[in-house]
Structures are given as structure tokens and as C-alpha cells.
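Protein chains: 2
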Amino acid sequence: MNTQPLQLGAVLYPGFEMLDYFGPLELFSVVGSSLVNINTVAQESGPVAAAIGSEGALGPKVIADYGFDDAPAFDILLVPGGSGTLTELENPAMLDFLRAQSETAQWVSSVCTGSALLAKAGLLDGLRATSNKQVFAIATMQSDKVEWVEAARWVEDGKYFTSSGVSAGMDMSLAMIEKLFGSEAAEMAASYTEYTWHRDADSDPFADELNVLAKQLGMV
Amino acid sequence: MNTQPLQLGAVLYPGFEMLDYFGPLELFSVVGSSLVNINTVAQESGPVAAAIGSEGALGPKVIADYGFDDAPAFDILLVPGGSGTLTELENPAMLDFLRAQSETAQWVSSVCTGSALLAKAGLLDGLRATSNKQVFAIATMQSDKVEWVEAARWVEDGKYFTSSGVSAGMDMSLAMIEKLFGSEAAEMAASYTEYTWHRDADSDPFADELNVLAKQLGMV
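Each protein sequence line maps, in turn, to chains A and B.
Letter by letter, the first sequence follows residues 1 to 220 in our numbering.
Letter by letter, the second sequence follows residues 221 to 440 in our numbering.
Mixed in with the good hints, there may be bad ones.
What follows is a list of derived Cβ distance ranges for each label pair [to be verified]:
{"no.": "1", "chain 1": "B", "residue 1": "Glu370", "chain 2": "A", "residue 2": "Ala93", "range": "20 to 28 Å"}
{"no.": "2", "chain 1": "B", "residue 1": "Asp420", "chain 2": "A", "residue 2": "Asp69", "range": "46 to 54 Å"}
{"no.": "3", "chain 1": "A", "residue 1": "Thr3", "chain 2": "B", "residue 2": "Lys435", "range": "25 to 33 Å"}
{"no.": "4", "chain 1": "B", "residue 1": "Lys399", "chain 2": "A", "residue 2": "Gly46", "range": "17 to 25 Å"}
Quick caveat, the hints were computed from the structure, so don't treat them as lab data.
Values in this document were obtained by computation on a predicted structure and should not be read as measured data.
Cβ atoms here follow ideal geometry from the backbone N, Cα and C, with glycine treated the same way.
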């Protein structure tokens, strides 16, 4: 039996969405550090500012423990979305890091527009995946080789978990915890955080808002 | 008409709970920086590590913009819970800061065991309030002058909003956003984050878990 905790690498970049990142980390933190260890990583180690809204403003800063260059190979990768995704889509260092880590990681997950980065890196080719509903086009524009699922709270395909927008990352994380550590661990994490877990990956209360914000922003 | 954004001061301390903090900040961030501006504050400015689980382990670090000494008077105060609450209950600097800020703030809010700190500071005397359900006793032990509400997702009394554990801070924050900026702003924030808002403050799916964890930890 493997007694080493799984190493979770949670990717930061300027303009990451706060709840995309800390919703999943909260739930994985509750599982206990004997099972999973949380690491923060960005292109450079040090402070990284979160997104405030959709228009590029920045807010609270989180410290990246590792830079891309000195990060170990993680067992689980978490890629959040946020207004900064648009910049990172054009950042070869980010796409290279996602490709390199995904090659060896057991599980690769994204929240919100994080799946746009995975798609741009070519990692979702031939797979089913989802993304934020209000700006779904940001993801779909990155690759036509992905089977984009418009109505899903999250999608699991192979070792990839992709979730819908922001809060959906928490439901996806509980599904991952259930898969990795059992249903009791997932139920405990939900109780501990007093979170009403939406267990049905295919039930998506926000699917009818497809590209509502993307249209307002003139993206589609 | 007041065109200045409200200044929200979000309090950090070692062992704060990640989702207690970033759930509310996510929702307030979506409202837009023309209406509300997010500030991070701790006893000393600089990095502050979040809680990992209930037993005092520490994880990701967030940067406090302000120390208690150089923080401006905030319009909205947010006090998270977390395993570090137990230490802060014995920290006069924290209790003094909460008293001083609460005197001038328009709104004072807490998530989870954050209400234990407000109660210890004497700020909830004569008021109705709630707290984390699994460790409810941490709050109730601080003051018998508070009308502790066992079954509530959140409680509003005067300028104080106190929520139940962790995830409940998001429902409370949407209620605060509705009160401060209107129901359209709250509904937009919920849609943007693809969050299913639990609107009924009195409906508490976790009330039957009262002190379950506190008993396991030998607190009651």
C-alpha cells in the first residue's frame, strides 16, 4: 500500500479566479495531508494576484511555492480559470509546463476557463471536456479536436477532469476525492465544509447561459 | 449618491480556512471594483498561511496588504474561521482590532468559527448569531450573552452577519450583496460563479451535525 501522500500541484497565474482555485483546494485540504499534499506553483515562485471580475483587474495575492523550473512532477494537477486565462493562452511557458506535467500526472483537472489552457496545449484532443458556460467560446475556440460538452457540471475522460465555471470546481473535486479516496472521504469533505454536493455530473443548472457573457464582451 | 467603492477588509490569521475567506471574496469581487474594493489585513502585513484540516496544519500562503497598525477603517469587515481561530481567541491584538474596526464599520461579517472571535471580543452580546455546526461549541463557549442560533445558514442582526460553516459564507455574502447593491447584483454574482444560491437563511441542511466534530475532538 502506498503510504506517501499524493502531491497536488495547483497552478497560479496573474488573474486566476479565486474560487476556481480555493474551492478545490479547500476540499482536498480536508481529506488530510497524509493522503494529499497541496503545492502552489506559478511561472515564477512568489506572489501572484487573483482576478477581480472579468475585465483584467487584480486583487489578493497568493504565494507560489514553486516556479515552473523547480516544480517536482505532481500526481494531481489543478488548473483554474479567470480573466488571466486570455494572457496565458499566448504564454508558451505555461503551455509547455501543462504539457510536461500532464505527461506524468495521474490526474489532470481544470476549473472554468482552465480547460481552454489544456485544450490550447493539445492535451484534450480526442477527449470530452467542458468549461465555463458564460464564456464557453474561450474554450471551444482553442481546439476543434475536443468534444466540448455544453451541458455538464463536470466531465471525466481518461485522466482528465474538466469542470464548468467557478463553483463547479467544488463538485468536480468531490467526485475526484470519491474516486481517489472513496465515497466516505468525499462525504466527510462535504460535511466538514457544510457544502451541498451536486453529485450529478450531467445536471447543469447553468447550461442555458451558454456564452451570455462572451456575447456581451463581443467575443462571439 | 456615493460614488466611492465600499472598502472591504478581509482578516487573515495563520490557520484561516481557505473557502471561508475566498468564497465571500470571490462573490464580492464579481460585484465590481467600482462598488466594493477588497483589502487583505492581518496582524502583520505579508504572507499568512491557510489551515489544512482541523488539526493545526498549514498550507497555501496569502499576502496581507495591511497590518493591524496601518489598516484604514473598513466599511465591511470579513472574519473567517479555521483551525487558527483557537489561537486567535487568546490574541488581544486580534480582539482589539475586531473591536476597533467594528465600531466604525457599516457591516461586520463572519464565516464559520469567525463568530467565536466576534463573540470573544464582546461584539455579539445581545444579538442573534450562528457558527460552524460541527464545532458549534467553539462559538457558544465564548459568550452566554449571545443568542446562538443552532439551525441557520446565516443570521443577520443589526450590522452583524454571521454564517454557518465554510460554504455557508457564500450564501451569506450573496445576501449581503443583495442588501448593499440590490438583488440584480446578487443574481449576477451567483450566475457568474455558476453558484446555486441557497437563499433561505433559516434552511440549514447541516444543523443535525451539531458538535459532531467537537465531540470527536473532545471539546464538549
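Now the hints, each set against the structure:
| no. | hint | verdict |
| --- | --- | --- |
| 1 | B:Glu370 with A:Ala93: 20 to 28 Å | violated (51 Å) |
| 2 | B:Asp420 with A:Asp69: 46 to 54 Å | holds (50 Å) |
| 3 | A:Thr3 with B:Lys435: 25 to 33 Å | holds (29 Å) |
| 4 | B:Lys399 with A:Gly46: 17 to 25 Å | violated (38 Å) |
In this structure, the hints that do not hold are numbers 1, 4, in rising order.
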